[in-house]
Amino acid sequence: MESTVSVSKGVFLFPNGFQNSKTLSKKKTNLLFCKLFQEECWYLTYRKNWEAIKTKLNELNQRSYSVLLNDIVNYIKQFYGSEEAFMLEGIIPSATLLTGVSQPDHVSQFDALINIIKDEISPHVAIVNSQDSLSLKHIVENMVWQLIGNDLKNDEECDVLSTKHKLKKSQCTMKTLKTWYHSKYTNESTNKKKKSISTKTLVIVIPDFESFNCHLLQDFVMIISSYISSLPIVLVFGVATSVSALHKSFPYEVSSKLLIKVFHSHSSAVYMNQVLEDIFLTHTVPFHLSGKAFELLTDVFLFYDFSVKGLVQSIKYCMMDHFYGDNTKVLCCKREDLEEAILNLSPNDLESIRQLKSFRPYLEKQDCRTKISLFEDDQYFRDALYKELMKLHDYLYSFYLCVKLLSTLIKDIPNNLLGKTVREVYTKCATECITDTPSFKECMQLLSFQSQIKIVDTITGALKLLNSHLQSVSPIKPLQATPKKNNNNTDKVFAHRELGESFAKTVRVHLMTFLRQLENANTEASISTAMDTDTNDNVENVPGSRYKLKEKLLKATRVEKIQSEFEMIRCRFISYLEEMFAKGLQPPHTQTFHEIMFFSDISNVKKHIVGAPRGALHTALSDPAHYLQCSCCRLPSPESVAGTLPDVCLAYKLHRECGKHINLYDWLQAFAAVVKPGENDEQRHHDPIIQSRFTRAVAELQFLGFIKSSKRKTDHVMRLTW
Amino acid sequence: MDEIYSKVVCRENQLNDLFNLFGDDNEPLPCSIFISGSMATGKTLCLQTVLNYLSYKHVFVDCIECYSSKIMFENILSALNDEDEDVKCENFMDFINCLNRLQNNYEPIVIVFDRVERLRNMDQNLLPVLLKLREFCKLNICTILVTHLIFENFNFKFGVREPIKLYFPNYNKEELFRIIFLYQKSFVQHLLNHFDIEDETTELIEKPELFANFLNAFLSVFYRPCRDLIELKHMARLNFIKYCEPIIKGEIQSNDLTKLWRHISPILKTSLELLYLRISDMRQFKPSPGKENSESLYAKEFCLEKTLKDELSSTKTFAQSFELPYFAKYLLIAAYLASYNPPKEDKRLFMKNHGKQRKQMRQIKAKAKINEKLSTQLGPKVFTLDRLLAIFYAILEDKIGLTSNLLAQIATLVELKLIAGSKEIDLDTAKYKCIVGYDFISAIAQTVGFNIRKYLYDFI
Ligand SMILES: Nc1ncnc2c1ncn2[C@@H]1O[C@H](COP(=O)(O)OP(=O)(O)OP(=O)(O)O)[C@@H](O)[C@H]1O
Ligand SMILES: [Mg+2]
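Protein sequence lines, in the order shown, are assigned to chains B and G.
Position 144 of the first sequence, counting from 1, maps to 144 under UniProt numbering, and the rest follow consecutively.
Position 5 of the second sequence, counting from 1, maps to 5 under UniProt numbering, and the rest follow consecutively.
Hints listed in this document are in silico derivations from the structure and should not be mistaken for laboratory results.
C-beta atoms are modelled at their ideal positions from N, C-alpha and C, and glycine is treated no differently.
Hints may contain errors.
What the hints assert, rightly or not - Straight-line alpha carbon distances no greater than 25 Å define the calculated DMTMM-like cross-link-like pairs of lysine to aspartate or glutamate that follow: (1) 261(B) - 209(G); (2) 132(G) - 273(G); (3) 168(B) - 231(G); (4) 606(B) - 397(G); (5) 713(B) - 386(G); (6) 248(B) - 345(G); (7) 178(B) - 273(G); (8) 175(B) - 114(G); (9) 660(B) - 24(G); (10) 607(B) - 3(G); (11) 165(G) - 253(B); (12) 399(G) - 253(B); (13) 387(B) - 349(B); (14) 347(G) - 657(B); (15) 207(G) - 3(G); (16) 711(B) - 231(G); (17) 708(B) - 578(B).
As the list claims (entries may be wrong) - Below, a sample of chain G positions facing chain B; criterion: calculated Cβ distance under 8 Å: (18) 278; (19) 322; (20) 401.
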């Protein structure tokens with residue numbers, strides 16, 4: 001949320017009325033944003049959209065983690081369970097979770113893990129991060145503190161006595177843990193022997209194994225192992241690379257104290273595809289990314305960090321950029337809310353919608369009278385807008401459907417050019433009219449070479465997808481039953497719908513007929529081939545002559561032609577596909593008012609998402625007017641210098657002309673010459689003001705990492721950049 | 001007494017020594033004892049049984065845990081104190097005072113410091129003082145130091161009071177056999193816990209001869225690579241299950257030794273490769289009585305074991321076992337090149353127009369190089385961030401900006417322990433080192449279709 005107009009990139013501290021209590025300060029932050037934006041309807045729409053996405057994301061996370069987490073939980077459960085297993089002396093059961101290299105994503109995963117452990121196994125969970133584990137002491141104290149501390153908090157109400165022993169962190173040793181645990185569980189179980197309270201496992205989670213100093217961890221494991229006979233402890237390691245990391249950093253002496261079970265989590269690329277396909281590449285979310293923007297974000301993911309969280313945050317940023325301060329974006333909402341949103345638009349907003357680029361082609365298609373009324377009559381324009389936006393929704397519906405259909409159809413084609421995942425196909429479809437491209441044609445051709453079984457398979461797959469797509473949309477249906485004001489209007493709108501749900505339904509009907517036909521054709525064709533092979537065999541039995549052979553070959557070619565029943569249908573099928581995709585896969589930027597729902601301003605966002613600190617620094621120093629926007633620093637060319645520039649910039653520019661070693665005296669003189677061009681040489685660099693300004697500029701450059709003092713030559717500094 | 005000797009086998013000499021040292025109630029204890037011996041040679045076990053048998057007051061202190069001497073002192077004191085109360089003890093003086101306050105009529109007290117080598121780098125004086133603890137207090141106290149190292153490794157200063165030394169040698173094959181055989185019951189129990197077996201077969205399996213046979217076979221394979229009792233016990237436990245499997249299924253008679261041997265020997269050989277890895281193959285759930293079920297489980301498990309083994313044994317699969325982002329791969333390659341190429345050759349390797357010079361250089365170098373060790377086989381050299389980035393941009397085809405994301409990747413690589421260095425990126429001082437091997441890097445390079453040999457000085 002850019003509530004400041006910032007000149008440079010940086011972190012801005014919002015005075016949010018910080019208070020000591022954490023909950024209070026949180027409320028305050030919320031209040032601040034509420035105060036700032038709450039009346040703005042674009043903000044409300046934004047928030048609504050984002051909330052929707054967030055809940056979906058959470059659901060998805062839950063679904064994708066649950067299997068893995070349950071496995072881990074079951075694994076942990078089996079130790080120290082009812083039948084007091086055969087444990088070997090001093091061996092710690094441990095689970096190793098291979099998490100993949102994107103570390104930002106791990107946090108949520110481990111949070112989920114801890115929650116599920118708390119629910120299902122035991123309340124005693126400690127999470128030991130590498131940041132706060134500088135020494136063994138820290139690790140142990142931290143762990144014990146968490147294990148005991150959490151418990152104290154729970155007990156606070158019922159157990160006044162225990163809270164009287166306020167625990168100091170320095171008192172948290174393994175011994176304290178042991179006595180605490182025994183007083184808690186052995187006493188209890190002797191008291192309530194009949195209830196047979198099973199003792200609770202202590203789970204210690206180490207989420208970032210690689211970042212630990214391995215000697216510390218070794219010692220830690222050794223300590224734990226000497227307590228394992230009296231404390232039921234299970235370790236959970238999060239390893240980003242692979243199991244060998246564990247073996248590499250533990251010598252045998254330590255690893256012999258562990259029993260390791262490995263769990264693999266999803267690869268992050270798979271996870272990203274899932275997130276994108278299920279959440280962002282659907283018609284259900286009103287906010288969409290244009291092909292270019294989408295490509296940028298996925299590239300950042302694939303090339304740089306593999307972080308799904310980062311990806312989602314970038315999308316969020318795009319959303320903020322999309323909505324920020326623009327009331328027309330209120331229209332970027334669900335179908336149901338559209339009508340109301342349009343009614344609430346002010347004439348100004350309408351005017352800015354008329355300015356949209358994609359309105360132009362639409363206008364040109366209309367006759368004179370409508371043109372005028374579109375401009376003059378706000379009500380008329382509203383109606384038209386509504387109609388067009390409904391069309392846009394329909395378009396989106398069928399567009400995503402087609403994207404998904406296309407990607408399932410070509411999924412199995414060897415070396416296809418459109419890509420294997422929905423996301424790749426989407427990027428292609430959203431940037432250009434895919435049906436015109438050679439790669440699409442090639443794909444269709446390859447599709448037309450598929451065998452009967454294969455093609456039947458792909459069609460069934462596509463049908464399955466279609467059905468689920470149709471099902472998912474049904475809850476939205478009631479909108480047709482809630483006509484509010486322009487009742488007749490909606491009817492009209494739905495009357496000439498050629499895309500959208502009805503499109504999906506016709507596609508389904510067609511696919512089903514094709515499927516049936518192809519299946520039937522399949523059997524017929526095989527019969528005919530069987531007959532042919534029969535005759536062929538006969539021919540072969542006859543002693544061969546050249547003539548016969550020729551005849552056979554001829555026959556074979558004719559057989560091909562006879563067989564073409566199946567092929568004919570296949571051919572028809574392919575051309576149907578081509579036709580259908582041509583209709584459904586028009587790129588978004590051809591649609592009227594696509595700007596409202598599609599975000600395409602990447603150049604602006606790119607700077608923020610893919611930050612280039614050095615580049616920014618360079619521009620700031622060589623062309624300060626770019627950021628300062630003052631008239632005094634305007635330069636005729638980026639290389640030129642002027643006395644009005646800030647001192648650092650000046651020093652920076654001058655130093656760029658030097659070699660590896662810079663003589664400070666020369667530099668000072670050059671500096672003085674620019675700052676005070678009038679005076680004579682001798683005097684100006686004796687001026688203490690100039691000298692101190694220069695010294696400060698040099699110090700700043702050193703701080704920024706451009707130069708460094710050199711030991712080899714006195715009065716010289718070294719350049720560090722080129 | 002006999003009970004002890006049957007519980008702790010093959011350690012008669014050491015047990016006798018200990019008994020002699022602690023011997024009679026009315027004699028004072030020796031001042032200090034130093035016990036050394038490698039892992040799992042029964043040091044702790046012997047001490048524990050002897051002390052328990054004599055029912056002396058004693059404490060075991062694990063020195064790893066004592067990251068501050070305060071913890072050590074408090075642990076000792078609270079264990080010696082009969083009453084349950086919090087002891088506070090900041091330093092050695094306090095400790096002595098507290099000890100002297102203990103009410104006991106010159107009853108023997110033994111303090112065992114396990115893994116005492118840890119105390120060497122704590123406080124200079126601590127160990128010598130512990131060695132003559134008795135001189136500081138009026139107690140019949142004995143300190144026992146237990147360690148893997150020999151006495152000379154402690155570099156005690158001249159004049160320290162020399163403790164009595166005991167040495168626990170490693171076990172030989174027969175001794176290992178006897179010791180593991182002691183645990184036959186628990187092995188069988190473990191097996192029975194995991195399978196539902198009919199009574200007759202249970203009887204068969206419980207026969208000690210069967211286990212003895214298995215153990216012979218097992219040790220004949222494992223004794224050579226591994227002498228460690230704990231690991232042997234662990235591996236034996238895993239393999240005993242497999243040994244008994246055909247008997248449970250009724251495929252092999254329990255007395256058909258040759259068949260059993262033929263069955264187990266390949267299994268032992270494969271599990272030899274899992275030695276020391278400690279990857280659990282424990283079933284998550286007890287297999288149901290149905291035989292097919294457990295069979296399929298085994299098949300699956302075997303596959304899993306195999307892949308795991310592969311993954312662990314070769315660095316190549318290690319490299320493929322996890323994904324790195326595209327540029328991170330290139331950064332890693334660049335780091336490797338920077339580590340293993342001499343900096344002065346950079347120009348030649350990475351500039352496009354180096355043609356002629358290269359030939360001459362080659363001829364001159366050719367002779368010298370034969371003697372020279374391959375620098376890929378010498379360790380990695382340190383390089384600066386500048387050089388890393390320069391090489392990175394030289395080997396990368398597409399032009400990309402130097403973005404913060406890119407710089408963050410370097411930190412990630414450091415975090416993943418693929419590059420050694422500081423996590424902060426600092427133009428001036430940052431020095432890095434690539435710490436992955438050639439196999440690893442060539443596997444990575446393969447995934448991005450980059451020919452790394454072309455750029456390695458050694459291979460030109
Ligand atoms: N002589 C023996 N008889 C029976 N069991 C033995 C014998 N020696 C070792 N063991 C078994 O091996 C295990 C490890 O022995 P112990 O803990 O005494 O070794 P250690 O020498 O103290 O090893 P570390 O130096 O690692 O502490 C014991 O728990 C015991 O089960
Ligand atoms: Mg020991």
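Status of each hint after checking the structure:
no.: 1; hint: 261(B) - 209(G); in the structure: 33 Å, violated
no.: 2; hint: 132(G) - 273(G); in the structure: 47 Å, violated
no.: 3; hint: 168(B) - 231(G); in the structure: 40 Å, violated
no.: 4; hint: 606(B) - 397(G); in the structure: 21 Å, holds
no.: 5; hint: 713(B) - 386(G); in the structure: 22 Å, holds
no.: 6; hint: 248(B) - 345(G); in the structure: 32 Å, violated
no.: 7; hint: 178(B) - 273(G); in the structure: 38 Å, violated
no.: 8; hint: 175(B) - 114(G); in the structure: 16 Å, holds
no.: 9; hint: 660(B) - 24(G); in the structure: 82 Å, violated
no.: 10; hint: 607(B) - 3(G); in the structure: 78 Å, violated
no.: 11; hint: 165(G) - 253(B); in the structure: 24 Å, holds
no.: 12; hint: 399(G) - 253(B); in the structure: 48 Å, violated
no.: 13; hint: 387(B) - 349(B); in the structure: 17 Å, holds
no.: 14; hint: 347(G) - 657(B); in the structure: 23 Å, holds
no.: 15; hint: 207(G) - 3(G); in the structure: 23 Å, holds
no.: 16; hint: 711(B) - 231(G); in the structure: 57 Å, violated
no.: 17; hint: 708(B) - 578(B); in the structure: 64 Å, violated
no.: 18; hint: 278; in the structure: 5 Å, holds
no.: 19; hint: 322; in the structure: 5 Å, holds
no.: 20; hint: 401; in the structure: 5 Å, holds
In this structure, the hints that do not hold are numbers 1, 2, 3, 6, 7, 9, 10, 12, 16, 17, in rising order.
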